[in-house]
Amino acid sequence: MGRENDPRQGASAVLILRLLQERPMYGYLIAKELAQRSEGYFDFKEGSLYPALHKLEREGLIRGDWQVVEQGPSRKYYHLTEKGQRALQESAQEWLAFSERLARFLGGQGPQSATGAAGGGA
Amino acid sequence: MTAIEEYLAELQSHLAVVLLTEREVLREVRAHLEEAVAEEMARGWDPAAATRRALSRFGEARNLAREMESVHGNSVWFLLSVGVFITLLVIANITAVRLVDVGGLILPAAVVIFPISYIFGDILTEVYGYRQARRVLRQLGLALSAVEGMMVYRDG
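Sequences listed follow chains A and B, in order. Under my numbering, the first residue of the first sequence is numbered 1, with each subsequent residue one higher. Under my numbering, the first residue of the second sequence is numbered 123, with each subsequent residue one higher.
Just so you know, the hints here were simulated from the structure itself, not pulled from any lab data. Note that beta-carbon positions come from the ideal geometry of N, C-alpha and C, so glycine has one too. Hints are not guaranteed to be accurate.
[Unchecked claim] Interface residues of chain A toward chain B, partial, derived using beta-carbon atoms under 7 Å:
| id | residue |
| --- | --- |
| 1 | Arg23 |
| 2 | Pro24 |
| 3 | Gly27 |
| 4 | Tyr28 |
| 5 | Lys45 |
| 6 | Glu46 |
| 7 | Gln71 |
| 8 | Arg101 |
| 9 | Ala103 |
| 10 | Arg104 |
| 11 | Gly108 |
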């Protein structure tokens, strides 16, 4: 796929945590919501969602429980743990700070604003 | 075999994780794919095309297996079990010709050690599955037996 270095991959954990903050969801639903709410920007290969989910579960940030329904397939619903709640807050802060700095840095590459940014940083 | 079963079989064949995890992963992936196929069919695709589309959305089995392994990969316990198993096997082979006196009973020393190797062989098959156990036996077991054979031959 040539997408191994896609920066979007790195954000998958915080995106999942943010979605699960609203309500418990299963894998398929998470994939749909991610793609829909980002207007297709976060359209990971759906399979890659599961390693991300399992990693979060191993770290104790989310927990998955199988819900067996009489009709249709049984699904594994993931929900945010208390630890996950805290991790989400921290991680969201970091990502916001990161994206803001990145935008400012990349936006400041022009000749005039570069001197301005250097002056501001000093 | 349907395309989904084929996909699951391929995923399974590349996945080197504990059996319980393997079952869990396959169950989750199957549920996802079935739902994706149903959705594609609801959009008007025939079953074959719907399955193809669902699988392409999901990504390659090989990649998924690799990513899964980096999360659930074999722990130090797997290596430890393999190490102890192979060691016992080799020692049992070497000591098979040594006789020991156990309370008046003359036995090959290996009689004491060889059964213990079974315990570790069982751990490997029960926890990690036959596929992984076979791989261990083929690769490590054969290699070690060959080396051991050479050394015993030179010795003798």
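query: Does the interface hint hold: is Arg104(A) within less than 7 Å of chain B, judged Cβ to Cβ?
result: Since chain B brings no Cβ nearer than about 33 Å to Arg104(A), farther than 7 Å, the hint is violated.
message: So, as I understand it, the hint says Arg101(A) touches chain B; can you test that by seeing if any CB pair is closer than 7 Å?
response: Hint on Arg101(A): violated, closest Cβ of chain B at ~29 Å, above 7 Å.
query: Holds or violated: is there a CB of chain B closer than 7 Å to the CB of Glu46(A)?
result: 5 Å, holds
query: Can Tyr28(A) be said to touch chain B, with a Cβ gap under 7 Å?
result: Holds - the Cβ of Tyr28(A) comes within 7 Å of chain B, reaching about 5 Å at its closest.
Given hint Gln71(A) near chain B, where the shortest CB pair must fall under 7 Å: 13 Å, violated
- prompt: With 7 Å as the cut and Cβ atoms as the points, is Lys45(A) at the interface with chain B?
  reply: With Cβ-Cβ at 3 Å, under 7 Å, it holds.
task: Please verify that hint: Ala103(A), Cβ, nearest Cβ of chain B, below 7 Å or not.
output: 29 Å, violated
query: Given Gly108(A) was flagged as interface, is its beta-carbon under 7 Å from a beta-carbon of chain B?
result: Hint violated; Gly108(A) Cβ to chain B Cβ min 36 Å, cut 7 Å.
- prompt: Is the hint on Arg23(A) kept, meaning its closest Cβ partner in chain B is under 7 Å away?
  reply: 18 Å, violated
- prompt: Does Pro24(A) meet its interface restraint, that is, does its C-beta lie within less than 7 Å of any C-beta in chain B?
  reply: 15 Å, violated
message: Just to be careful: measuring from the Cβ of Gly27(A) to every Cβ in chain B, is the smallest value less than 7 Å?
response: 5 Å, holds
Comparing the model with each earlier hint shows violations of hints 1, 2, 7, 8, 9, 10 and 11; every other hint is respected.
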